[in-house]
Amino acid sequence: MKRNINIFFYTVLLTAAIFSIFYLSSCEDGPTEPEIEPGRRDYTWKVDTLLAWSTYLLKMWGSSTTDVWAVGHGSTFDKTIWHYDGAKWITDGVSKGIDPWCIYGFAHNDVWIGGADGKIWHFNGNKWSENLFYKEDVNYIYHDIIFMDIWGEQPNDIFAVGMIDSVSSANEEFVFAIIMHYDGNKWNKVDISYTKGQLKKIRKDNYANSNYFINNFIVSLTNPDSAQYFSLSGNTINEISHVENITQDLTVINSELIFSFDRSMYIYKNNKFNLIATNPFENAWNALYGRNRKDLIWMMSDGLTHYNGTDFKYILNTNNKSWSDGVVFENEVFFLANDFYNDNTNNIVYHGQLK
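In my numbering, the protein residues as written are 1324 to 1678.
Since the hints were made in silico from the structure, they are not lab data.
Just so you know, these numbers come straight off a predicted model, no measurement behind them.
All C-beta atoms in this analysis are idealised placements derived from N, C-alpha and C, irrespective of residue type, glycine included.
You can take every hint at face value.
With a straight-line Cα cutoff of 27 angstroms, these simulated BS3-like cross-link-like pairs (lysine-lysine) come out:
#, residue 1, residue 2
1, Lys1458, Lys1519
2, Lys1509, Lys1523
3, Lys1636, Lys1369
4, Lys1458, Lys1512
5, Lys1592, Lys1524
6, Lys1524, Lys1595
7, Lys1617, Lys1595
8, Lys1524, Lys1458
9, Lys1617, Lys1678
10, Lys1411, Lys1369
11, Lys1509, Lys1524
12, Lys1524, Lys1419
13, Lys1509, Lys1527
14, Lys1644, Lys1523
15, Lys1458, Lys1509
16, Lys1523, Lys1458
17, Lys1592, Lys1527
18, Lys1450, Lys1411
19, Lys1509, Lys1450
20, Lys1512, Lys1523
21, Lys1419, Lys1450
22, Lys1595, Lys1519
Okay, the calculated beta carbon distance ranges per label pair:
#, residue 1, residue 2, range
23, Asn1593, Asn1449, 41 to 49 angstroms
24, Thr1389, Thr1367, 12 to 20 angstroms
25, Pro1547, Asn1594, 19 to 27 angstroms
26, Trp1608, Asp1506, 31 to 39 angstroms
27, Asn1558, Leu1374, 40 to 48 angstroms
28, Phe1497, Gly1557, 21 to 29 angstroms
29, Gln1676, Lys1450, 29 to 37 angstroms
30, Asp1506, Thr1545, 37 to 45 angstroms
31, Ser1624, Phe1596, 17 to 25 angstroms
Between the sequences and the hints, there should be enough to build the whole structure, so can you do that?
Shown next as structure tokens:
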């Protein structure tokens, strides 16, 4: 009897040990996420022409398919801000004291525009109003501050990045970077000391304790143009890459920060770029949009291609168009292009809907 009890006891212990090993192993691996399905490509397209003579619409943002904005700069300020309400694109035709370069928001009543002359405006759902008019105390003949991108994780944590374009008394041109931060009450300059270039975009993934990353572009009269990626932590920026004769971009898709350059897209992990995929078409740009890694739309010189996790295929073919920006929703997409062959109708929105 005692022998049987001992056998039973050791059997229970062995079973518990095996169970613990498998359980702990599964906990380390984490819960199994469902497999992401390849994105669909069956879009139907319609085209809207935004009549804005000598106005170059640059950026888009939207909270929903019935609340999409497109902004840009031009020779007049009365048709630089456009809105789509789900039925049509309209502009109020009222000249505003800002020359827009970028737009971002958190809701239909919380939208921000960054522009030239050091200005940032805010939309509260009813009207646009000036929120910042920043001036840098520098001694230059010509001096302009342009905010080229505005982005944030939440309404009390927003960054605006861009450049200070200046010409000295000796006719030397200086272009250096600027970063502003909004804490929910006011804008403050981030002291990054002198950094040469134009800060094109700032992004951060949704993971805790991760740094912000910035896309910088340097124009040179004596050397090849070059591009940099910076990481930003507090007031400290660190260069993580610097290449010549190349354009690059970065974006957040499905909470994941994706870097794109040389027709390829990467994630940055363990201090190196890890390849996701390469667009096989030679005329691919480096701007991409999407819902997840298996549902990405890539801007081309002659249209749009789609990546479904396996291959790239054209979903839209165009001629003589220069793409500016896009915004992607669950079943609809909007892409902004410019037709420089017709000055009176040079801004076009391609609106795609899944069948």
